[in-house]
Amino acid sequence: MTKASILQKNPDDVVILSAKRTPLTKAKKGALAEARYEDLLSAVLKGAIDAARIDPKLIDDIQIGTVRTPRGGASISRMAALHAGIPISATLSTVNRQCSSSLQAIWTIANEIHAGDIDIGIAGGAESMTHHFVPKPLDHPHSEEVVKNQLAADCLIPMGITNENVVEENHISRADQDAFAASSYNKAEAAQKSGKFDGEIVPVTVNGKTVTKDDGIRYGVTAESLSKVKPAFKADGTTHAGNASQVTDGAAACVLARRSVAERLGLPIIGKVVRVVAAGVPPRIMGIGPAVAIPKLLQKEGLGVSDVDVFEINEAFAGQAVYCARDLHIPDKKLNPNGGAIALGHPLGATGARQVATGLAELQRSGDQLLVTSMCAGTGYGVAGLFVNEVTNRAKL
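Just so we're aligned: 199 in UniProt numbering is position 199 of the sequence shown, and the numbers increase by one with no gaps anywhere.
In case anyone wonders, no lab produced these hints; they're calculated from the structure. Given the structure is predicted, the values throughout are model-derived calculations rather than measurements. Accuracy of the hints is not assured; some may be wrong.
[Unchecked claim] Restricting the straight-line Cα-Cα distance to at most 25 Å, the calculated cross-link-like pairs of lysine-lysine (DSS-like) are:
#, residue 1, residue 2
1, Lys9, Lys300
2, Lys46, Lys26
3, Lys296, Lys9
4, Lys300, Lys29
5, Lys296, Lys29
Using the sequences and the hints, build the whole thing.
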C-alpha cells in the first residue's frame, strides 16, 4: 500500500464523524473530582453524538475502554449510555487493554464496520481515577508455580520501575527526561492559552459547576525546576512526579461509520481509521512498546516515519517516550505538538480516544493528513493506530 492509496476515499472506509473528550483534570483535587465515572462518560457520549449530528437510534454498538473501574465498568457504562439518550437497542461492551483500551475500542468498532456487522458505532474510554484508582497489590498471593517463570513474574513489576529499566539500559539521563517533560508542559501551556483544545473538549457540569478546561497543565515549567523533584520509585532513580504522566479524571469518544452510510445520511466526516496493530515487548521494559508497534503499523501500510505528519505517543513516562522518539527518529516538531500525558494527564482507559481527538484537531488546523497514535501498555506491548484527517484549515476545532 502507498500513501496515495491510503488517502483514497472508498465506500467501505471506516470514517470518523466526531472525536471529543472531556476536560482532563487532576484526580482527587481537580475540577472533576466530584464527578463519577458515569458523569464523565455520559457527557462525552452526548457531546460526540451531537458533534456527529446523528440520530442516536442509528447507533448499533458501543465499546468503552476502562482499566480501573470496578467490575469492568459494564453496568455504569451502560447507565452512562442510556443517560446520554442512546436507546436500549444500541448494545455496549467494555474492554480493558491497559492504557490502550480506548484505541482497542476503536479497533473493535472499526472491525465490526469492516465486517458488515454494523454501520455506525461509538468507541471511547473513561476513567475516574479519583474514585477508582487503587495502586496496591492484590490481597491474595499469586500462583507460586507461575511466578517461578521470570517473564510471568515480570508482569508484576511496578510501572515506574519498568521505566527505570528502560532509561538505565538505554543510557537516558535525568536531564534529558526533565527536558522532555518541560517541553510537554510548555507546549500544552501554549496550546491551552491559544484555545487549541477548546474545540475538542465537551464541557462537564457537576453539582451546578461547568468544567471546560484541563487543570493539570502547569505553567512556567522548566527543566531546571523539574531537576529539584525527588525520585519516586528508586532512591537513585530518575523517574519522578514531574516527568511522569498524571493521575487524571477524563473520558473521550469517537463516532465511527461506514463511509457510504455517512455520505448517504449527509453526516460530517472528519477522518478515517486506516489500521490498528499491537506488538509485544518484554514486560520489564514495557515502555518501549510504541517503538515496536509503530514500525509494524507503518510497514503494513508501506509508509515511513517521514510520511506521517503528527505522532501522538503517550507519555507514560518521559524516559520511555524519549527512547521511542530516538529509536524511531521522530522529529521533535511532529511529536505531541500540543503536549502529552505528562502535561495533560493520563486517564488510563480514555487516552487512546483522547489522542485521536487531539491529533485530528491539530491536523485540521494545519491542513496535514496522516496521524499515528501509540502507547505502551502494562505487561509488555505497544499499540499503534493510523488515521487520516479529512478536514483542513479550520481555525478552531
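- prompt: Taking 25 Å as the top limit, are the C-alpha atoms of Lys296 and Lys29 close enough?
  reply: 40 Å, violated
- prompt: Regarding the pair Lys9 and Lys300, is the alpha-carbon distance no greater than 25 Å?
  reply: Measuring from Cα to Cα gives roughly 19 Å; hence the hint holds.
field: 25 Å Cα cutoff - pair Lys46, Lys26
entry: 23 Å, holds
- prompt: If you draw a straight line from the CA of Lys300 to the CA of Lys29, is it 25 Å or shorter?
  reply: 43 Å, violated
- prompt: Between Lys296 and Lys9, is the straight-line Cα distance small enough, at 25 Å or below?
  reply: 23 Å, holds
When the structure is compared with the earlier hints, violations turn up for hints 4 and 5 and for no others.
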